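*Asks:* Sequence:
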Amino acid sequence: GYNNFIADLYYLKAHQYVGTQEVRKADYPQLYPIIDLVTDLDPKFISPYMFGGLLLSLTGMHVDESILILKKAYKVDPNIWHTGLYLGFNYWYYLQEYDTAAMYISKASTLPGAPKFMGNLAANLYAESKRPDMAIDFLKNLKETTKDEDAKKDIDARIIVAEVTRDAQILEDAIERFK
147 GYNNFIADLY YLKAHQYVGT QEVRKADYPQ LYPIIDLVTD LDPKFISPYM
197 FGGLLLSLTG MHVDESILIL KKAYKVDPNI WHTGLYLGFN YWYYLQEYDT
247 AAMYISKAST LPGAPKFMGN LAANLYAESK RPDMAIDFLK NLKETTKDED
297 AKKDIDARII VAEVTRDAQI LEDAIERFK
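One gets the working numbering by counting positions in the sequence shown from 1 and adding 146 to each.
Hints in this document: simulated from the structure, not taken from any laboratory.
Fair warning: this is a prediction, and the values are worked out from it, not measured in the lab.
Be careful, since some hints might not be right.
[Said to hold, decoys possible] FRET-style restraints, in silico, Cβ to Cβ:
no.: 1; residue 1: Gly-259; residue 2: Ala-172; range: 49 to 59 Å
no.: 2; residue 1: Lys-221; residue 2: Lys-286; range: 23 to 33 Å
no.: 3; residue 1: Ile-192; residue 2: Lys-286; range: 25 to 35 Å
no.: 4; residue 1: Val-164; residue 2: Glu-295; range: 41 to 51 Å
no.: 5; residue 1: Val-164; residue 2: Asp-223; range: 35 to 45 Å
[Claimed, not checked] PhoX-like, lysine-lysine: derived pairs with alpha carbons at most 20 Å apart:
no.: 6; residue 1: Lys-218; residue 2: Lys-262
no.: 7; residue 1: Lys-289; residue 2: Lys-253
no.: 8; residue 1: Lys-262; residue 2: Lys-299
no.: 9; residue 1: Lys-253; residue 2: Lys-217
no.: 10; residue 1: Lys-190; residue 2: Lys-171
no.: 11; residue 1: Lys-262; residue 2: Lys-293
no.: 12; residue 1: Lys-159; residue 2: Lys-171
no.: 13; residue 1: Lys-262; residue 2: Lys-289
no.: 14; residue 1: Lys-289; residue 2: Lys-325
no.: 15; residue 1: Lys-218; residue 2: Lys-190
no.: 16; residue 1: Lys-286; residue 2: Lys-299
no.: 17; residue 1: Lys-299; residue 2: Lys-289
no.: 18; residue 1: Lys-286; residue 2: Lys-262
no.: 19; residue 1: Lys-218; residue 2: Lys-171
no.: 20; residue 1: Lys-262; residue 2: Lys-221
no.: 21; residue 1: Lys-171; residue 2: Lys-221
no.: 22; residue 1: Lys-298; residue 2: Lys-286
no.: 23; residue 1: Lys-253; residue 2: Lys-276
no.: 24; residue 1: Lys-217; residue 2: Lys-190
no.: 25; residue 1: Lys-286; residue 2: Lys-276
Positions of the beta carbon are idealized from the N, C-alpha and C atoms, including for glycine.
Please construct the entire structure, taking both the sequences and the accompanying hints into account.
*Replies:* Spelled out as structure tokens, the structure:
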């Protein structure tokens, strides 16, 4: 009956654990189990997910554990844009899985409070993943929902870049088939 209280205590322990110099040098070997326990005890306690998800991926040594924690948060509440951004960053920066990164970031970019740059980032990731058609569709949908005229001009410019990228890929594929 005291799960929330115990989760709070372990979350405080996680902060103390991370604060020790020896643990920082060792790259937080026990952080994942602590955060996993905290989020099992109190699944709706969002701060530990973000704290653990960010710290675990900080040096690139615990990216898989970071993704596990962040996916756990995503299941609890998929309407927090931070989670999608952090997941997308891990997939993009550490794993070079551009499709997955674009999927998480594009979903997160439509959530309330999401920064405007996330839409452009998602479009760039779709283009990087060799899926410029998805980038074009995403940008067109983004343009329809945007009221800011300056943003619409920027989106139009990005659509042109995505279309050029798509056309260049078509030409490159045709050249390869011809060879």
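*Asks:* Indicate, hint by hint, whether the structure satisfies it.
*Replies:* Status of each hint after checking the structure:
no.	hint	verdict
1	Gly-259 with Ala-172: 49 to 59 Å	violated (36 Å)
2	Lys-221 with Lys-286: 23 to 33 Å	holds (30 Å)
3	Ile-192 with Lys-286: 25 to 35 Å	holds (33 Å)
4	Val-164 with Glu-295: 41 to 51 Å	holds (45 Å)
5	Val-164 with Asp-223: 35 to 45 Å	violated (24 Å)
6	Lys-218 with Lys-262	violated (25 Å)
7	Lys-289 with Lys-253	holds (15 Å)
8	Lys-262 with Lys-299	holds (14 Å)
9	Lys-253 with Lys-217	holds (14 Å)
10	Lys-190 with Lys-171	violated (31 Å)
11	Lys-262 with Lys-293	holds (12 Å)
12	Lys-159 with Lys-171	holds (18 Å)
13	Lys-262 with Lys-289	holds (12 Å)
14	Lys-289 with Lys-325	violated (39 Å)
15	Lys-218 with Lys-190	holds (10 Å)
16	Lys-286 with Lys-299	holds (12 Å)
17	Lys-299 with Lys-289	holds (9 Å)
18	Lys-286 with Lys-262	holds (15 Å)
19	Lys-218 with Lys-171	violated (27 Å)
20	Lys-262 with Lys-221	violated (24 Å)
21	Lys-171 with Lys-221	violated (32 Å)
22	Lys-298 with Lys-286	holds (10 Å)
23	Lys-253 with Lys-276	holds (19 Å)
24	Lys-217 with Lys-190	holds (13 Å)
25	Lys-286 with Lys-276	holds (18 Å)
Against the hints set out earlier in the document, violations occur for numbers 1, 5, 6, 10, 14, 19, 20, 21.
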